[in-house]
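Go ahead and model the full structure; you've got the sequences and the hints to work with.
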Amino acid sequence: LRYRLTLIFLGLAVVPLLVLGLIVGRLIYRNSELQSLALHDEIADNVANRIEAFVQGVSDQLVFLDEVLRLGTRVTAGQELILANLLFQHSVYQEITLVDSDGLETVRLSRSETYTQADLGSRADQVEFSEPMGTGQIYYAAIRFDPVIREPLATISVPLWDKRTGEIVATLVADVRFRAIWSLLGQIDRPAHEEVYVTDANGRMVAHSDPSVVLSGTVVQIPADGRGGGILGPSAVSAVRPIVFGAQTLITVVEVPLSDVFATALDGLGVALIVTAVAVLAAITLILIATRSIVRPIVWLTASARALSLSTASLSEIALPGPSMRNNYEVAALIDSFNLMSRAVREREQDLHQAHEGLELRVAERTAELEVANEQVRSERDRAQMYMDLASVMIVALDREGTVMLINKTGAQMLGVAEDEIIGESFGRFVHPDDLDAARNNLRRRISGDQSNAEPQERRLITATGEIRLIAWHTTILRDEAGNISGLLNAGEDITTRREMKDERERLIAQLESKNAELERFAYTVSHDLKSPLITIGGFLGYVERSMASGDVEQARADLARIFDATNRMKSLLDAVLDLSRIGGAPARAQVVELGPLAREVVEMLDGQLALGAVKVEIAPNLPAITGDGDSLRRVLENLVDNAVKYRGDQVNPVVQIGCEWDEENLVVFVRDNGNGIDPRYQQKVFQLFQRLDHTTEGTGVGLATVKRIVEVHGGRVWVESEGRGKGSTFRFSIPATRPGDRRLPARRNK
Amino acid sequence: VNKSGERRGRTDTKSSTVAPLKILLIEDDPDHAELVLRCLTGHDVANSVVHVRDGETGLDYLLRRGAYADPETSPRPHLVLLDLRLPALDGSEVLRIVKTTEDVKRIPVVILTSSEAEKDLVGAYENHANSYLVKPIRYESFVQLIDELGYYWLARNRDAGPDR
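In the order they appear, the protein sequences are chains Y and V. Going by the working numbering, the first sequence opens with residue 1, and the numbers climb by one from there. Going by the working numbering, the second sequence opens with residue 1001, and the numbers climb by one from there.
No false leads were slipped in.
Result set (PhoX-like, lysine-lysine): computed pairs, CA atoms no more than 20 Å apart in a straight line:
| # | chain 1 | residue 1 | chain 2 | residue 2 |
| --- | --- | --- | --- | --- |
| 1 | Y | K515 | V | K1119 |
| 2 | V | K1022 | V | K1105 |
| 3 | V | K1119 | Y | K531 |
| 4 | Y | K685 | V | K1119 |
| 5 | Y | K531 | Y | K571 |
Since the hints were made in silico from the structure, they are not lab data. Predicted model only: the values in this text are computed from it and were never measured.
Right under this line is the structure:
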């Protein structure tokens, strides 16, 4: 504060004082400069007047000659005499010439040269003649420098009148020397450093007290304000005065060095400086005193207030302000106010202390009450939690946004998380993504007050371990004290196992039913197809008997052949049925089966048949290894390839292709031929036992039924694709398997 | 049994000329077909039995399709003997088509099969089979059955006539 106040006061008092001092100093200086210039103006005036007087004197002399001597009317000798007189009496003339009215020189006299009659010429075309002749006035020509005597000369032409006729009869042309003025300048009373000189209109020096300055042809250029430009250079000021005679102007210059001007100004400046310094010193002293008187009480107040706030000292211990501080009325008032305030603070402090003690007491009471209430609430809650935890179902309370507010132990266990871990979380993260929308909609619907359709709902949950559980939810709404719906209370029963068991039961029933149906079909087929040979045998036996009786041995032999064939067929049918029944009985063995080598093995086994039919077999190189029963799978391929060969029809280039493709969960192996093909109407029929589409080809109608059986036991299915007769056919069977390189887990199959 | 008498009786109802009686036998088992043919031969009607081995061909004949398009060489039969278990097109399917085709549905169709299954029997009658006979295993029974069959359907039974 002290620092700032000092700065402010300095700014307010000292700076203006200094500025004022500067302004006064400058005024004083300027004034003395002006005074000095005025003085020199006087000198210049004086000089100018003298020069004017000089020029006027010369002119008057010439005019006077004219009047008295009537020069124009004299004969030449008389004129010469007069002029010679004039020239030698007055050193001011350099040369005098008399010119007649025709412009011819009649007399020419010079101080430095002698002119004869022959030297006289005409001046008719010169201005010093024509001008006075024309106007009748004295003509002053521009000052010229004579190259011989190297002096400035002023030419004055005076017209000479004939008093009687009133005509101009001659002109007197006189070259006047300025040298006279030089000495005149030297006589002027002036300080030593000053220069006084005269220039012509172009600034060429024409007169100076020192002749050499003029003779050296000095030229000066004085600016309008008179500063610099003169022969003293820039550190001088000049007073300028023009002298006008006729059309000519001369300039008088009085040049003063600035140091001279300063010399006069310095006295005044010194006084100004001293006054300013004294004023500044006084101001600083006053500032220091004022600052101190303002700051001291504040420092005291601050210290007191700090002591008060720290409460280390009681108020009475705080030192009272000294009398010096109390002198100031405002400060005294401030101190009084402060004292009043501190007293009030002390009183308040005591009140506060009392109030605080009272409050503490009440807080303690209330805390005790709350403790009791809390205890009750806690025990209530614990009991409720206990009930909830005892429940074997999951209990979850959700708020309006679906955030878990409460969950019981069973629920947390079901989800595989700790209770406090899930509270405050959105329950949605446990709901199966496919059920999430339905669950959210239901929550929104119930929260919004729509209580229709409050039946239990089944939803899947995903536990923390990623397991999917099916939960049947019973839901009721929760209301807050105001009666608004605040959330949902859900009781969820894990019905996963129950559902799985139910599904399993249904699956088993379906399987059993399908087995039954299959068995029925089987029984029907077997009874029918096994009966056929019996009928043949029975019938032809009767004919054999008759043939024997009639002695027709040939006929009997032929019929007996039929009987043998029938018994053979019957045997092979029985074998096939027995075979087939074995497949259904035993579950497939789980081996790693390399399909590639397996296919090649099959082709080798069927080598003879393939060669016979000139059938080409192409095995795809990408056949993988799968899990299954090797022998069974070999029979599948064998049957399919065998079929393809058997039903190649009249194909000239029969080709059988063995390959595979992958779908979502299965490997699909195909055996494709370019043979007969199968009418789409009978494509299902070919897999039935003893079913044959073509009675011209050998076979029992067991092969494809066997294939179907084996594939089904492996968990796959078999089907045939063909666009019809003559278009070839493709048999495909699927085997559940995971594509190599496919990272996904195989879909879980309910077994 | 006076066979010619029966024949006469039949011709009486139709025309004065003796028209040969025609039977279409649809049977895939060649042995069974032979048995049936031999039995029918005993009744002197063998020359008018047409034997086909599958349902498709049987229908071709009845509906006069393909190779059987000419009515002269493929006259409508007076009786169809149909086996149920046939390759490709089933006997029951053949029956259904015959009985739903305007031109041929009045021709008597006798099912001659080895099946005794309830479902085949019921199915056959539902498809308007005219008779259902099970092939006997014993020779005597077989011969007797065909004998009676011929007698009944070709001599006793009065049909609506194939060409009507």
